[in-house]
Amino acid sequence: MSEEMTNPAAAAKPAAAAKPTPAKPAAQKAPPLATLTPELLQLQQHFGEAVIAPAPYVGVLVNDLGKLREVMTYVRDQLGYDMLANATAVDYIKEGYIEVVYHPQRSRGGEPLTLKVRVPRGDDPVAPAPVAVPSLVPVYAGAEFQEREIYDMFGVRFEGHPDLRRILTWEGFYGWPLRKDWHEPYYEGDTKPFDSRWPGGHHQLAEERVPWHDNVNYPPGFDPLNYQANPDAGLYDTMRSGVPGLDDGSASNGHAQVAGVGAAVSVLDRNSNLLVDEEELRTDQIIVNMGPQHPSTHGVLRMVVKLDGETVTDLKLVLGYLHRNHEKIGERNTWLHNIPYTDRLDYICGLANELGYVITVEKMMGIKPPERAEYLRVIMAELTRIESHFWAIGFLLNDLGAFYTPALYFITERDLILDLFEAVTGSRLMCNYMRFGGVSRDFTEDQIMRARELAFERIPRKIDELEQLLTDNEIIKARTVGVGYLPAERSINYSLTGPCLRAAGVPYDIRRADPYSIYDRFDFDIPVFYGADVYDRYRVRVAEMRQSVRIVQQALNQLDQTKPGDIQAGKKAYNHRVPAGQAYGRVETPKGELGFYLVSDGGQNPYRYHVRSSSFINLNSLKEMVVGHKVADAVVILGSLDIVLGEVDR
Amino acid sequence: MGLLGTGILKGLGVTLRHFIDTYAEDLKYMLNKSGVQQPRPLRRQSPKVRGLVTVEYPKERLPLPENFRYVPFLVYDTEKQDDKCTSCGICAKVCPPQCIWIVRTEDPVTKRPIPQPKEFYIDTTICMNCGYCAEFCPFDAIKMDHDYELSYYPEQEPSARLVHDKARLTKPDTYHASIHPTDWQRELNERAAEEAKKKAAAEAKAKPAVAGKHSEGNSAAQ
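Line by line, the protein sequences give chains A and B. Read the first sequence against my numbering and you will find it ends at 650, with the numbers running on by one and no gaps. Read the second sequence against my numbering and you will find it ends at 872, with the numbers running on by one and no gaps.
The hints are simulated quantities; they were obtained by calculation from the structure and are not laboratory data. Misleading hints may appear alongside valid ones.
[Stated by the list, open to error] In silico BS3-like cross-links for lysine-lysine, where the CA-CA straight-line distance does not exceed 25 Å:
(1) Lys462(A) to Lys855(B)
(2) Lys734(B) to Lys572(A)
(3) Lys623(A) to Lys477(A)
(4) Lys462(A) to Lys660(B)
[What the hints assert, rightly or not] Restraint-style ranges between C-beta atoms, simulated for each label pair:
(5) Gly565(A) to Leu838(B): 16 to 22 Å
(6) Asn557(A) to Gly663(B): 30 to 36 Å
(7) Val759(B) to Gly172(A): 57 to 63 Å
Backbone N, C-alpha and C fix where the C-beta goes; we use that ideal spot for every residue, glycine too.
Please put together the full structure from these sequences, using the hints given.
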């Protein structure tokens with residue numbers, strides 16, 4: 001391990017890479033070859049010293065930072081890993097480096113590859129890491145938001161990134177929240193359970209327990225009374241570039257002309273309108289802030305659009321209004337504590353999130369749930385998909401202007417499914433149903449009858465009705481066909497997943513591409529449409545609901561072959577210890593690929609807990625879909641992506 | 651494709667059907683002379699419903715499923731006249747948002763712990779209703795409640811507020827039995843099995859003794 005630790009420093013200055021070279025072949029020869037896939041071997045043969053495989057870790061370490069982009073281009077073009085599933089980082093504070101982890105994958109299926117780079121983390125808790133990593137945006141467009149998130153959370157700079165600003169916190173945020181030495185307000189301890197709760201647990205409110213002044217790190221020389229926040233610094237800069245007359249002194253801070261959120265501000269200088277100079281024909285470009293509180297943005301999302309008349313010419317997203325640093329909370333939690341928290345990511349489909357987390361931890365622990373639990377998981381996950389798609393379609397119609405009549409029809413069906421969830425798990429949305437190696441409760445006979453009634457009678461009938469109501473509707477077609485077009489190659493490059501990717505003709509669904517749980521036992525299709533527009537995204541969702549109904553029907557039929565009550569492997573425990581190691585597990589939620597990158601140090605708490613959120617990464621491609629359309633279509637296109645802000649902002 | 655506008659008409663047909671169903675179902679309900687009538691909330695929330703599904707809360711209330719869970723309460727054993735809680739602290743450890751605070755009772759002289767909570771707080775402003783405390787309690791001493799109306803007026807006394815202390819949390823096991831009948835039945839069965847086992851063990855222990863002594867066996871078994 002010791003020579004691994006010195007590597008980042010060496011990688012920082014590629015010219016002086018001579019020193020650690022003699023030590024490397026030894027590290028390379030030892031045990032890792034057995035765990036290397038042929039692709040990784042090929043990579044190693046091609047790049048030689050630049051990529052190594054450090055023994056205790058999965059995947060390959062790109063040792064020479066300067067070659068990262070070359071390696072990734074090779075991985076994309078020669079090995080066919082055309083999609084960056086996940087990019088994140090881990091702060092190894094003891095070893096003194098931050099490891100950036102990439103998981104590229106193939107859009108035709110299979111497990112993702114793991115590639116890593118290391119940069120020294122630096123001693124200053126506030127300054128960004130001294131060495132920058134080359135940005136992968138030119139190779140994978142889907143890296144844009146993910147690299148911004150890594151920068152925001154770890155302070156790792158990415159060289160060549162088009163718009164490297166904070167994304168989930170605001171400009172001016174002090175420190176890097178996911179570094180191990182950063183403490184949140186009301187910090188009590190690194191890991192739960194806290195000792196203050198038992199046996200001497202005298203209740204105290206967090207606000208009283210932690211005195212405010214001890215708990216906040218003010219920047220040196222910070223004067224709270226005279227401080228003027230500028231959380232939008234840099235936001236409007238690139239939107240303005242290229243517009244003459246704006247780069248003069250008046251706009252030196254980047255947004256002097258924008259009065260406030262929601263203000264519409266003239267951007268184009270009047271003299272620069274080259275089309276015509278008659279007064280009445282002049283069109284100004286303006287920047288409009290839609291959101292953060294706006295019924296069309298599905299939560300607290302802020303879309304900053306540049307408009308030419310009604311046409312969108314540029315778009316930027318401001319995220320993070322719902323940010324609560326789910327991942328930091330996850331690292332404080334024990335393994336078990338995290339299950340109910342995952343419900344709160346994408347709160348429309350909590351059970352699917354639980355499944356993703358639970359199977360990833362099971363992968364690390366090497367346990368398998370009993371048959372009946374597997375079936376119950378699949379039934380719950382697929383019912384979740386149905387109710388989530390009902391919701392998505394209902395609110396897509398809302399965005400189209402069909403206010404609430406269709407949405408309420410579908411919410412009725414969704415509520416009947418939630419009734420079943422409530423009866424089984426005890427809660428409608430925050431189910432907290434899955435456990436490591438099983439589920440928390442079995443279905444009773446009544447509940448099975450109810451699920452059968454839904455799956456065999458009610459839901460198929462209602463999907464037919466939904467199609468009757470919407471599919472041939474001329475107004476819907478006029479508003480959606482050809483709107484929000486994003487071709488397959490671009491979608492893949494943008495790491496778009498879920499129904500939106502399948503509407504672009506890419507049959508990528510993790511239930512088939514990298515099967516998990518017992519999905520290989522069921523007979524179902526992956527619906528694909530080729531329009532890559534809003535209408536086809538709607539049709540894919542309808543078709544997927546029908547396939548989910550098929551899966552639930554088969555699972556319910558096969559459920560009587562399993563033993564009732566046999567829902568937990570081994571003994572029920574609360575103090576799990578997960579063997580040291582790391583894993584990336586993913587599931588197909590209704591929104592797309594939900595991945596969990598977990599690192600364990602063998603203790604009761606995850607060392608790193610990263611959520612690869614599909615809603616967040618799908619938003620990468622929104623700009624390309626929206627530009628050129630009318631502003632009213634921007635709302636519809638956002639609706640067709642079906643994001644949930646709880647998962648976007650985490 | 652068909653004629654332009656047919657798609658819209660078809661859709662309007664669906665809304666019309668919904669509109670009619672709304673009234674038809676209530677009409678059927680009113681004209682039902684058989685006398686056996688399901689209460690409206692139940693009827694409206696079944697998968698067979700075609701009309702309205704809404705229920706006029708708070709005048710009408712949906713029956714809560716037994717598994718429904720809201721902030722926990724402590725079970726008081728009415729038979730033994732004692733708290734079931736032994737203040738072992740497992741619930742405080744499994745609590746994800748760490749909203750459970752327990753002060754264990756200590757013997758004033760020996761300072762040894764006594765299996766009983768001296769103070770017990772649940773901060774319901776933090777509780778996320780996950781149900782772990784009830785699920786992992788080895789003594790069936792903490793259960794999830796069905797009472798979801800926790801709002802209070804500022805002039806109400808502090809015990810009505812959102813940090814629940816031991817007095818507020820403690821509810822008799824008869825209440826637990828009334829809202830969780832199957833869970834209660836399971837507890838009774840387990841207790842009966844336990845007692846049967848204990849009895850069997852006691853008898854098994856007694857028997858060899860009896861066999862060894864041979865004389866006055868019957869009285870020893872007592």
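**OP:** Of all the hints given earlier, name the ones this structure violates by number, lowest first.
**Re:** Number 1 only.
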